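Visitor: Could you put the whole structure together from the sequences, leaning on the hints where they help?
Note that my numbering gives residue 189 to position 189 of the sequence shown, counting from 1, and the numbers run on in steps of one.
Just so you know, these hints were derived from the structure itself, not from any lab. Treat the hints loosely; a few may be bogus.
[Claimed, not checked] Once the Cα atoms are required to be at most 27 angstroms apart in a straight line, the calculated DSS-like pairs of lysine-lysine come out as:
1. K69 to K195
2. K72 to K122
3. K72 to K29
4. K8 to K69
5. K195 to K122
6. K29 to K122
7. K69 to K29
8. K8 to K122
9. K195 to K72
Values in this document were obtained by computation on a predicted structure and should not be read as measured data.
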Amino acid sequence: MTPDRYQKIVDVLNRRQPDLTVITDQVHKGQNLSAIIRTCDAVGIHRVHAVYDKGGFRAHTGTAMGSHKWVKTQVHRDIEDPINELQSQGFQVLAAHFDDRAVDYREVDYTRPTALLLGAEKIGVSAEASAMVDGCVIVPMMGMAESFNVSVACAIILAEAQRQRQVAGLYDECRIDQEEYREVLFEWSQPIIAKYCRQRNLPYPPLDDTGHLLEPQVFSQLTRLDPAL
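Guide: Written out as C-alpha cells, the structure reads:
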C-alpha cells in the first residue's frame with residue numbers, strides 16, 4: 001500500500017453518494033451490467049441493486065475494468081423488494097421508461113435521494129416495476145432508434161445526476177455512515193486480510209493513517225498457525 005494509493009482510496013470513499021443508486025430489473029447481459037457498474041463507480045454510487053428471478057449477478061470483468069470491486073451489489077429475487085426498501089428510506093424511484101408520466105431526464109432533481117431503475121434489454125421496465133415507481137424519465141432521441149442501449153442510457157442520466165450533485169456540493173464532504181466507512185476503508189485497503197477475517201468471523205483490526213495495520217504483531221499472533229494468510 002503506497003501513500004498515493006491509500007489517499008486515492010480515501011478520496012474516492014469520501015465522495016461516495018449513499019443516497020444515489022441504481023436498480024437493474026432483469027438486466028442479464030454481462031457487458032451491460034458491467035458497463036452500468038463502471039458508470040456507477042465513476043459518479044460515486046456506493047451500492048446498486050440487481051434483480052433476478054433466477055440465476056445471479058454476472059459481471060463482465062473486461063468491461064467493468066475492476067469497478068465491481070468498488071461498488072457493492074445487492075441481489076434481489078423480486079423487483080418489489082428494492083423498490084419498497086428504497087421508497088421506505090425516502091428515495092424517489094425513477095424508471096428510465098417511456099409512458100404518460102415520462103419527463104426529460106434533465107428536468108429531475110437528482111439532489112434528492114434517488115434510485116434509477118433500468119429495465120431488461122429487450123422488454124424494458126416490467127409492468128410490476130412501472131406500477132410502483134414514483135416517475136419516469138426519458139432521454140430524447142433524434143434518430144430512428146427508439147432508445148439507447150441500457151448501459152448508455154444509464155451513463156447519460158447519471159452524468160446529469162453527478163452534475164447536479166456537484167453543483168450542490170454533495171461531493172464536498174463524506175456522507176457515508178462512519179461505521180460503514182471504516183469497514184469499507186479496511187476492505188479496500190487490505191482486501192486479503194478482510195477476506196481472511198470474514199471467513200473466520202473475526203473483527204477487522206484497526207488501521208493506521210497510512211492504511212496499514214496499526215498493530216501488525218497482534219494480528220500476526222492470531223494467524224501464525226494458519227497457513228491460509
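Visitor: Taking the numbered hints from earlier one at a time, note which ones the structure violates and give those numbers from smallest to largest.
Guide: The structure breaks hints 5 and 8; every other hint is satisfied.
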